[in-house]
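For the protein sequence lines, the chains are A and B, in the order given. Take 1 as the starting number for the first sequence in the UniProt record's numbering and just add one per residue. Take 1 as the starting number for the second sequence in the UniProt record's numbering and just add one per residue.
Treat each hint with caution, since some may be false.
Claimed, not checked - Using 30 Å as the maximum straight-line C-alpha spacing, the simulated DSSO-like pairs for lysine-lysine come out as follows:
| hint | chain 1 | residue 1 | chain 2 | residue 2 |
| --- | --- | --- | --- | --- |
| 1 | B | Lys382 | B | Lys342 |
| 2 | B | Lys283 | B | Lys41 |
| 3 | B | Lys314 | B | Lys342 |
| 4 | A | Lys342 | A | Lys382 |
| 5 | A | Lys283 | B | Lys342 |
| 6 | A | Lys342 | B | Lys189 |
Unchecked claim - Chain A side only, calculated, beta carbon under 10 Å to chain B, not exhaustive:
| hint | residue |
| --- | --- |
| 7 | Leu32 |
| 8 | Tyr210 |
| 9 | Pro245 |
| 10 | Pro256 |
| 11 | Arg258 |
| 12 | Thr261 |
| 13 | Ala264 |
| 14 | Ile272 |
| 15 | Glu281 |
| 16 | Gly464 |
| 17 | Asn534 |
| 18 | Val536 |
| 19 | Ile601 |
Rather than coming from a laboratory, the hints here were simulated on the basis of the structure. The C-beta atom is built at its ideal place from N, Cα and C for all residues, glycine as well.
Protein chains: 2
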Amino acid sequence: MSLNEDCSSTDDIRSDEPLSHAQTVWFNQPLLLERGGQLPKIRCCYETWGTLNADASNAILVCHAVSGDSHAARHNANDQPGWWDGLIGPGMSIDTNQFFVVCPNVLGGCRGTTGPGDLRAEDDLELATSPNQPIPGVSINSDERSPLEAMSRQGGGDERPYGADFPRITIGDMVEVQRRLADHLGIVKWRAIVGGSLGGHQALQWVSRYPNCTHTCIAIATSPRLTSQALGFDVIARNAIQTDPHFHGGQYYDRPNRPVTGLAIARMLGHITYLSVAAMEAKFDPDRHDPRHIASDFEQRFSVGSYLAHQGQKFTTRFDANSYITLSMAMDLFDLGGNRLKLMETFDECTCDFLLVSFSSDWLFPPAQSREIVNALTALDKRVTYAEITSDAGHDAFLIARDMATYGPLVQERLRSSDTHRGVNLSAGDAVSKGQSPVQLTVAEESILEIIPAGSSVLDLGCGCGELLAAIRDRHAGTPMRLMGVEVAQENILSTAMRGLDVIDYDLNNGLPAFIDDQFDVVVLNATLQAVDNVVALLEEMLRVGKKAIISFPNFAYRALREDYVTRGRSPRAVGEFDFDWHDTPNRRFPTIADVHDLLIEMGVTIDREIYWDVSQARHIDADDDPNLNADTAVLEIHRS
Amino acid sequence: MSLNEDCSSTDDIRSDEPLSHAQTVWFNQPLLLERGGQLPKIRCCYETWGTLNADASNAILVCHAVSGDSHAARHNANDQPGWWDGLIGPGMSIDTNQFFVVCPNVLGGCRGTTGPGDLRAEDDLELATSPNQPIPGVSINSDERSPLEAMSRQGGGDERPYGADFPRITIGDMVEVQRRLADHLGIVKWRAIVGGSLGGHQALQWVSRYPNCTHTCIAIATSPRLTSQALGFDVIARNAIQTDPHFHGGQYYDRPNRPVTGLAIARMLGHITYLSVAAMEAKFDPDRHDPRHIASDFEQRFSVGSYLAHQGQKFTTRFDANSYITLSMAMDLFDLGGNRLKLMETFDECTCDFLLVSFSSDWLFPPAQSREIVNALTALDKRVTYAEITSDAGHDAFLIARDMATYGPLVQERLRSSDTHRGVNLSAGDAVSKGQSPVQLTVAEESILEIIPAGSSVLDLGCGCGELLAAIRDRHAGTPMRLMGVEVAQENILSTAMRGLDVIDYDLNNGLPAFIDDQFDVVVLNATLQAVDNVVALLEEMLRVGKKAIISFPNFAYRALREDYVTRGRSPRAVGEFDFDWHDTPNRRFPTIADVHDLLIEMGVTIDREIYWDVSQARHIDADDDPNLNADTAVLEIHRS
């Protein structure tokens, strides 16, 4: 895909124009910083969309990434584009007709909220000249000047911008400022906190520090901490800025030159890390030796060179070098834990549900990192949905229109809830009224449905489109049940999630390492056994994770198959699960009822219940009626002491 | 793996000491450069190991990578380490007891051969002060001064180092200098040209420009051109150097300060690209927040930061900034073609055989790029062996001891040849004398061996350890036969290559896109059909690529299996290929003779010959004796008009 097709990455839509709908509030109580020191007062610049409802229960906090700002979306048709227009707006996945959306500029930034470019004087000139009456602790002031313009104000005496003396801040400090904003707006608990990349770090920091702060946490293209590789790139970027001859220890605001070269180089480096290899090839290979010429002293021998020169220079007109250092350092210090136990400690008390999304070609925040978080949340038995979206767009994907169209529905579904009792099952009526077809179950699924008691916690491995889980929920509507699916096919993950079910993106051939012993009352493997490579390993895992397990499978010793094989001497075929050619059947294993019984006995497993069907003849087969011959389908409920 | 365990990457062994065994020769004829301009005379600095034999047939050219030099290996036990000690030496894979090994510093470098740090005056001071009599066209001079020292010589008038005015050179220009060295040493044709990374570019450039220059081309961790991503990183690195305030347009040699900051930043960037993600995690994650403190102004907040600072600074003591620009630009301009047709044009006339090696975690020169070259060579019917080595060490792997131990034998085998008639089959005696066990064939393989005519070209898909190909070669020793294997398991690739056979690393489920129509007389799929996912696609490909195809497979309608299945009602088992549990059999497909016949008929294929065996009873089964029931093994020779 060409980046030109989707001008949705941050760079193509930003400008250094003033933020026309930005609001500003001053927090006059000092902010004690995590790493020491304090900021005497904080100016917070933010934008909002929609209306806060009467009980302040519909507020969504949107957190921006390192080079972003408060302008997440347009406010009207004539407004300049926002960086998440594909996700936020009237009728969009984050529906501003329904929710009150808040997006503040982060602490340490250069787009309105206090940052290194701000004056460090104790007396705040702003306060003295504000047309509004000062309110103790809080002041409202709208500053129409461009943020960069505001930064270049001259001051006498001590009134210099912080520059590189701006204290070292953390993601936690950013969260504290956002919390003050929430207080100011009268928001006690967010409906959701949403962010990608650095924004995802903020969302995760919020819930780890304030476990009850939100109903939902949506963390996209993010991680519990940067990889060492990403960290290395940030170190180099900062070195480039800080060794720029015009950096002057960060005190460059009143000088004729700014460290634009170093900042441009830092940005070029960032750019490569945001793009996938495939995206770069598509964009630059066709005219590799034909650079577009732009006004720049940077090298322009190759097309990628002129692109980087352009992007680097453009960035320096709208972003402050000290801010870049401050924010990248905050991101580099962010560390929720490098192993499962530490992550579990981090999220242990969270009461929210989670949605995590990663992108297959994102090598800066690789999917494996989202998976670390998902594994910890799963082991803690938190409500979580996780999807790794197939995409060519690299880390940028979370901002690209095409990818937003794919993962937006997950966000929308996660936000959809007509009642405040989280976890209560929606009725079948709700699903139908949303336009989904009523659930149609197979015979085996009907049997499984019958034997799962109300109130059970159920894990469905290879849950398909979630039809069985949805049927279980419908059957016991009114009784809270912990239901979770595991799937590996993207369309199935999306379909299951769109039913309002928790589902995680997982390859069963890797076992179930995310789950803990006896985590679920029932673990189901429905019509999936024949697709599994590591059968014994998976059965062992099911018996570990579930107090009981239910497996259903087609019986490859079914009479019709034996007859077909013996008479035709060919790979046997019959209707249903058996109706494939030998050379392209999706089936990987060919279990028979007798084989499975033998294996289970060998594994020391107890069979608590056996249900057999000849589905092709719509006939139930008794256990003493030679099911190995007469049944084409088996359902076994098992456990191991 | 920790980089500290294998101090074999370039950085840990380099020093800025003089190269004690370096020899120098002057080429006084101007060198016309590919991109225009010329160099009036060239000093070439090189090292040699071993002795050139009487007919000059044992010379091997070793080409170094961007920050390397002529010191590829120690000359004696007391010598400083060489960058390829794990590959070159007495009794090593490149055996200096047997071969005459030559390693020159590249044109544009800063380790003895003419580069940007050299004087650009027409009069060469060196020549005037040489103790030796000038020989027309060539002068010998040994320069004991350190190369960097030599670069800082002062000169009056026009005698300035080239600096950034050094003409733009290409890999082709480097090759021209090496060619002059070959002439000087009396070498008409190399036994082999070997190189990794940029050294691989040189090897490929040699053979594309001079198709008869060598018997063997060995190209490791390399590409037909850089990816756009790698190119982008190089552009940023050069921008960092060129914007260093001390760069002075490249004329810094007589100044108190050099552009060490920019060069260090360039090197830091390179470092990250040479390491795999896993290697960085192993090295830096455990003490991420505990940097070792070194004397540096670069950021040292994180362990990766102090490492990069150390590596960056160390590099500046031994490498020249202008050289870095010159060499990286040459690498960036290198482009043998971005598509198969162009690559085929490039290598069309080559008469050498090829060995290519890539490394799984190398993301700078990813394996897919080696595969592009392999595909072009294969379509040209060149002799080629290709292995993608599983490694955690990233691009650095080609210099790491552990990985050299894995791929070294491939190099050694490719160089081993007791006769100069390339392509003539080695006798079975040769193989046995090397300590390999005589080839033991299965019954099916014996049948296949019988029906392949002498002189056929044979492609064996899923060739295992190469036993069938070796047997074919032995059977027809004395008759040149084009034999090639395809395998996907690393140990099989290595075993097959160690028999002196060509083998390429390929997943048959992707078809055979590398090969052209009717490329081989016979394509064999021996005891592999049952492991293939895309059966029809592969059969189609075999029939396209081979004038005839031979498939052998176990017959899953064999009597014993039918009886077992019918009586026990379990997944059938029998001896041999059928002796697996249903739940972990490696078999993916379960063909029967009847099924395969039906499929072939459907595909319009003619069966030219059918051979059936009951191997378990060592009994041949006639085609009219119901082989579908009585045979456990089938061999079919087929073709399609």
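Evaluation of the provided hints:
1. B:Lys382 / B:Lys342: holds, 16 Å
2. B:Lys283 / B:Lys41: violated, 45 Å
3. B:Lys314 / B:Lys342: This hinted pair is violated, its Cα atoms lying about 41 Å apart.
4. A:Lys342 / A:Lys382: Answer holds: Lys342 of chain A to Lys382 of chain A is near 16 Å, not above 30 Å.
5. A:Lys283 / B:Lys342: holds, 20 Å
6. A:Lys342 / B:Lys189: Judged against 30 Å, a Cα distance of about 62 Å means the pair is violated.
7. Leu32: Hint violated; Leu32 of chain A Cβ to chain B Cβ min 22 Å, cut 10 Å.
8. Tyr210: violated, 24 Å
9. Pro245: Because about 5 Å separates Pro245 of chain A from the closest Cβ in chain B, which is inside the 10 Å limit, the hint holds.
10. Pro256: Since the shortest Cβ distance to chain B is 16 Å, the answer is violated.
11. Arg258: violated, 14 Å
12. Thr261: Status holds, d = 5 Å.
13. Ala264: With a closest approach of 8 Å, the Ala264 of chain A hint holds.
14. Ile272: Holds, because the Cβ-Cβ distance from Ile272 of chain A to chain B comes to roughly 5 Å (cut-off 10 Å).
15. Glu281: This interface hint holds because 5 Å falls under the 10 Å limit.
16. Gly464: violated, 22 Å
17. Asn534: holds, 8 Å
18. Val536: holds, 6 Å
19. Ile601: Cβ of Ile601 of chain A sits 13 Å from chain B, so the hint is violated.
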